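Chains as they are written, first to last, in this note's numbering: chain V, 659 to 1302; chain R, 3 to 261; chain X, 24 to 288.
Possibly wrong hints are sitting among the right ones.
What the hints assert, rightly or not - Subject to a maximum C-alpha distance of 20 Å in a straight line, what follows is the list of computed SDA-like cross-link-like pairs (lysine to any residue):
| no. | chain 1 | residue 1 | chain 2 | residue 2 |
| --- | --- | --- | --- | --- |
| 1 | R | Lys168 | R | Lys225 |
| 2 | R | Lys11 | X | Pro40 |
| 3 | X | Lys232 | R | Pro245 |
| 4 | V | Lys875 | V | Arg1176 |
| 5 | V | Lys773 | R | Pro122 |
| 6 | X | Lys244 | R | Glu143 |
| 7 | V | Lys875 | V | Val991 |
| 8 | R | Lys11 | X | Phe282 |
| 9 | R | Lys225 | X | Leu258 |
| 10 | V | Lys1027 | V | Thr1008 |
| 11 | X | Lys234 | R | Leu187 |
| 12 | R | Lys146 | V | Trp762 |
| 13 | R | Lys167 | R | Phe109 |
| 14 | V | Lys770 | X | Lys244 |
| 15 | R | Lys168 | X | Lys154 |
| 16 | R | Lys146 | V | Ser775 |
| 17 | R | Lys168 | X | Glu158 |
| 18 | X | Lys133 | R | Glu218 |
| 19 | X | Lys251 | R | Glu218 |
| 20 | V | Lys939 | V | Lys918 |
| 21 | V | Lys875 | R | Asp31 |
| 22 | X | Lys153 | X | Lys244 |
| 23 | X | Lys234 | R | Ala189 |
| 24 | X | Lys232 | R | Met133 |
| 25 | X | Lys153 | X | Leu258 |
| 26 | V | Lys1016 | V | Lys1027 |
| 27 | V | Lys1027 | V | His999 |
| 28 | V | Lys1016 | V | Asp1033 |
| 29 | R | Lys167 | X | Ala149 |
| 30 | X | Lys154 | R | Glu165 |
| 31 | R | Lys242 | X | Val168 |
| 32 | V | Lys773 | R | Gly127 |
| 33 | R | Lys242 | X | Pro40 |
| 34 | X | Lys154 | R | Ala169 |
| 35 | R | Lys168 | V | Gly818 |
| 36 | X | Lys238 | R | Gln135 |
| 37 | V | Lys918 | R | Ser5 |
| 38 | V | Lys815 | R | Pro122 |
| 39 | R | Lys242 | X | Ile228 |
| 40 | V | Lys1293 | V | Thr1231 |
These are calculated hints, taken from the structure and not from any lab test.
Just so you know, these numbers come straight off a predicted model, no measurement behind them.
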Amino acid sequence: MPVVDRQEWDVVVVGAGGAGLRAAIEARERGARTAVICKSLFGKAHTVMAEGGIAAAMANVNEHDNWQVHFRDTMRGGKFLNQWRMAEHHAREAPDRVWELETWGALFDRTKDGKISQRNFGGHEYPRLAHVGDRTGLELIRTLQQKIVSLQQEDEKETGDYESRLKVFQECTVTRVLKDGSRVSGVFAYDRETGRFFVLEAPSVVIATGGIGKSFKVTSNSWEYTGDGHALALLAGAPLLNMEFVQFHPTGMVWPPSVKGILVTESVRGDGGVLRNSDGKRFMFDYVPDVFKEKYAESEEEGDRWYEDPDNNRRPPELLPRDEVARAINAEVKAGRGSPHGGVFLDVSTRMPAEVIKRRLPSMYHQFKELADVDITAEAMEVGPTCHYVMGGIAVDSDTAAARGVPGLYAAGEVAGGMHGSNRLGGNSLSDLLVFGRRAGWHAAEYAAEHAAERPPVDDTEIDAAAAEALRPFSAEVEEPASGPPENPYTVHQELQQTMNDLVGIIRREGEMAEALRRLAELRVRARRAGVEGHRQFNPGWHLSLDLRNMLLVSECVARAALERTESRGGHTREDHPTMERDWRRINLLCRLADPTGGLAATDPVRGQITLARETTEPIRTDLLALFEKEELVKYLAEEELYE
Amino acid sequence: MSSYEARFKVWRGDVGGGGLEDFAVEVNDGEVVLDIIHRLQATQAPDLAVRWNCKAGKCGSCSAEINGRPRLMCMTRMSVFDRAETITVTPLRAFPVIRDLVTDVGFNYQKAREVPSFVPPAGVGPGEYRMMQEDVDRSQEFRKCIECFLCQDTCHVVRDHEENKKAFAGPRFLMRVAELDMHPLDAAAESGLDRKSTAQDEHGLGYCNITKCCTEVCPEGIKITDNALIPMKERAVDRKYDPLVWLGSKIGRRSSQSS
Amino acid sequence: MNSGGVQTGTRAAIAAPHLRTDRWWLAPAVTAAGLFAFVVYSTWRAFANAHYYAAPYVSPFYSPCLAENCRTMHAGPNADLFGSWWAISPAIIILIFPLGFRLTCYYYRKAYYRSFWASPPACAVAEPHKKYTGETRFPLILQNVHRYFFYAALLVAGVLTYDTVLSFRDEHYRWGHMGLGTLVFLANIVLIWAYTISCHSCRHIVGGKLKHFSKHPVRYKAWQFVGKLNARHMLLAWASLVSVALADFYVYLVASGVFDDPRFF
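The following block holds chain V by itself, in its conformation from the complex:
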């Protein structure tokens, strides 16, 4: 094996989106020498795609807002499956995290009195989302990026080197978290540009790699979302939590085919856009579930009044939580009342003057004009559900963001599970990134400082094994000529996406999911044979071959957990078990690697790689339960929970 370059750091952050950068800033400010590794260029992470805003109960627009109301909305949105302690931290700390961004140079849209403006969003009782037009994610990532640069400038003044305490390794991919016994010792990575392997030795590793959307065919996620962090954690021995909960955003573009899935921001509805079917009917009024009946308008007139006078009217049902809206659209299309390209109509053109649309939704206007040749100020958009977010993820400690069972491993952002329960509210992800990114960076730095004296060693054999695994695609044909011809990784990927989309999509059935597991096993065998041409320098075929391992692992987690949970809740809808069961509320499903030695027994299609375990959650603290009306709790909590 060739000599692999090694460097020593205190904290390694995998992923440079909102959570990763926030973690890195925190770790560096707490004195840890911090390295950030990201697959894209610095500042290009998927966070830039977030449009609507950052949910934080600052009460700038409606004075009645506070953290308790935000907590309540979050729990309702997640159908009470949330790790309540995370939801509490999140609701309490979000305002501070937003205000802090201003001190780093962020420029949010303003209220008349010069405070941060806040907008309405699905599932939030009050206008709560700090935003910048419809490009809030860009503002967030740029602010964090520029804060990192400013820290580097400070370091340069002191040490003469910008990267002495905080360095970004851009366009690099981590393929393994390295371990010394049970604890973390570093990461193994390759440089996408050169194909060179390297090892960053560190006692703390923060995983902040985002989601898994690229396992689905119709998705709003970018190529980076191959579930890398989920897989790294699994392979390192950490469990994943509630992976069956995948959010399908109700409004993605459906046409033209090449942009199918690209997001149409929820702000379109928050600012007055309405959903109509091919009969021109505002169908959402027919889909308000019982648990939300008192909170939503019953007539179009009342819904329309709400935009002007929210204190005396109830909100229109277009602003129900995302899972409800996605299912409703799905049902309308299925019933034959869809739009020409298989979606429904989302209309702002009849609701606002063209000037206002262009000012409030500039990038949506742009996106439809440029990509679909549709002028949203003059005609309705066609939209349909798109795979958007995974609520499940690495099981973490609510306070420290530490992954369970692997000392030194932390996770924050989309890759971490629990915070959003079975369904995430819009705007809660950006605040999640900031709140838990900071917590992960803080505790990772603390852990690293505690272990500064006895840094975990990195074993050569582990590096050799990781290198061999990463080089497999170049010799796929040579090693196992008997098992079949080499596979095109792009083909395997497309079949995986089709499988997940068709069989483990919005509406799930037992038979289909069993079929999905069978196909996944087949694909796993084929993925072992994925071979690539050319060399290691910026070779996308090779990169995809390596990502396939991760996508197959997380896809299996999603399918197995979805098969196990025999109820419908939030982002998990079972046609064969259409109701929400109070008894399931207390159950978390944990996915673990079947073969913890890490050998991927890919050739055994029956057994699979993932085992499931059920776990009963900790009861919700009583003062938090007291924030809800008894009548509401009855709908979610089992009898015995109520009387405790």
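Let chain V serve as the given structure and place chains R and X on it in line with the hints.
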């Protein structure tokens, strides 16, 4: 509603050399150039290197030159071309090439570091920032920048003169200076940093001859020249070419340089 | 190792200096032709020292007229500041200011850098120069004096406004009359003002230099107004260039007796 076969020339190679390679590839309704590049990867050239990410014009990764014009591949629809036309795709030509369509954009990250960051105002805590919308409008326009670096690529100051890269920050980062100088709460001046004169002295504003190519290529439609570069030039004039101020600063600078 | 620019050794090896397939040369060619035509015309007219006054109209090229050899224009823009030593056309004295204003104008700079100096000829088309220092040193660093020419241009525009007012007389200097020339002058002065006010320096001075618009509501309004005009600065630059030449040409035609100014009342 139909598909057809388009002819493409795609530059392939690395720093050691390379050239335009011919491809014939299927094009379907509603596709963009990036779709076609992906189809080439999936069917004809699996190791064709290309940088991309969001595919919705929001991240600024897939910058390239299409028929000689700097553009985002994801925002260039195939329908703007004649079906008979051969479409040429090359990497950005102002930066060192890494492989195929991927270039080394490190120049931009270097320049980003050279612009002093936002200076928070003393005595104003988090949550106490008060800014009026009309005061943040200007900087907000510049913060729409997705850092695709097309303006840096097209700017002839560095595109045609490699030797100017050292002295010239490029439109994107001169705009960053403007953004901070127009930020209603930036306290650089109080900390002794004059962004108006450093724009010219440190970041090479004088190299700009306002020929507006940066504005022409900006996929976000930011009026870089009219709203950032020219106002900065005028602000530099305030500092440096106002006869009285100029005289004063000459004397002032001499004493500060010696210290 | 190749020479600099797009042929620099580390960049993608592409022999062609550019790969644009559109007619990128058209815009600079048209610009060059337009500017060249104006330069030829105005040089002829400025040195002609004749046919610049036909009561009540004075050519904008000769206003204000600052030498002794000027024609006396009844209540017109005469001010003998230079005396008798000035022997050549008096237009030269005053044209320095509008010429300087336009020469240092941010739009015209773009126009002639591109079309006359090919720096660059068009976007992403390699420029033919080995070295480039932009406006960092003499003489181009002098472009920074644009605002002082703007102040001068304000004065000149003021005088031309006065001339336009005078055009509401008849050839016997009686007030309350109008001819075709009055309309030409009106159109010209509106465009001259619009071009002058839409200047980038003006935009800076009225409000652009402020850090807090919210503390200066009137200047903010002014800045917004100038900004709207400024967005059309190129259009106004051309329109006013043509109109000023037309106004002069109109005076020339009337003064040289080619035709009589049609009077309305």
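Hints and how they fare:
no.: 1; hint: R/Lys168 <-> R/Lys225; result: 25 Å, violated
no.: 2; hint: R/Lys11 <-> X/Pro40; result: 16 Å, holds
no.: 3; hint: X/Lys232 <-> R/Pro245; result: 17 Å, holds
no.: 4; hint: V/Lys875 <-> V/Arg1176; result: 18 Å, holds
no.: 5; hint: V/Lys773 <-> R/Pro122; result: 16 Å, holds
no.: 6; hint: X/Lys244 <-> R/Glu143; result: 19 Å, holds
no.: 7; hint: V/Lys875 <-> V/Val991; result: 18 Å, holds
no.: 8; hint: R/Lys11 <-> X/Phe282; result: 62 Å, violated
no.: 9; hint: R/Lys225 <-> X/Leu258; result: 17 Å, holds
no.: 10; hint: V/Lys1027 <-> V/Thr1008; result: 17 Å, holds
no.: 11; hint: X/Lys234 <-> R/Leu187; result: 9 Å, holds
no.: 12; hint: R/Lys146 <-> V/Trp762; result: 17 Å, holds
no.: 13; hint: R/Lys167 <-> R/Phe109; result: 8 Å, holds
no.: 14; hint: V/Lys770 <-> X/Lys244; result: 18 Å, holds
no.: 15; hint: R/Lys168 <-> X/Lys154; result: 14 Å, holds
no.: 16; hint: R/Lys146 <-> V/Ser775; result: 18 Å, holds
no.: 17; hint: R/Lys168 <-> X/Glu158; result: 16 Å, holds
no.: 18; hint: X/Lys133 <-> R/Glu218; result: 13 Å, holds
no.: 19; hint: X/Lys251 <-> R/Glu218; result: 19 Å, holds
no.: 20; hint: V/Lys939 <-> V/Lys918; result: 24 Å, violated
no.: 21; hint: V/Lys875 <-> R/Asp31; result: 19 Å, holds
no.: 22; hint: X/Lys153 <-> X/Lys244; result: 45 Å, violated
no.: 23; hint: X/Lys234 <-> R/Ala189; result: 11 Å, holds
no.: 24; hint: X/Lys232 <-> R/Met133; result: 17 Å, holds
no.: 25; hint: X/Lys153 <-> X/Leu258; result: 33 Å, violated
no.: 26; hint: V/Lys1016 <-> V/Lys1027; result: 11 Å, holds
no.: 27; hint: V/Lys1027 <-> V/His999; result: 17 Å, holds
no.: 28; hint: V/Lys1016 <-> V/Asp1033; result: 10 Å, holds
no.: 29; hint: R/Lys167 <-> X/Ala149; result: 16 Å, holds
no.: 30; hint: X/Lys154 <-> R/Glu165; result: 9 Å, holds
no.: 31; hint: R/Lys242 <-> X/Val168; result: 11 Å, holds
no.: 32; hint: V/Lys773 <-> R/Gly127; result: 13 Å, holds
no.: 33; hint: R/Lys242 <-> X/Pro40; result: 37 Å, violated
no.: 34; hint: X/Lys154 <-> R/Ala169; result: 14 Å, holds
no.: 35; hint: R/Lys168 <-> V/Gly818; result: 19 Å, holds
no.: 36; hint: X/Lys238 <-> R/Gln135; result: 12 Å, holds
no.: 37; hint: V/Lys918 <-> R/Ser5; result: 17 Å, holds
no.: 38; hint: V/Lys815 <-> R/Pro122; result: 18 Å, holds
no.: 39; hint: R/Lys242 <-> X/Ile228; result: 15 Å, holds
no.: 40; hint: V/Lys1293 <-> V/Thr1231; result: 18 Å, holds
The earlier numbered hints that this structure contradicts are 1, 8, 20, 22, 25, 33.
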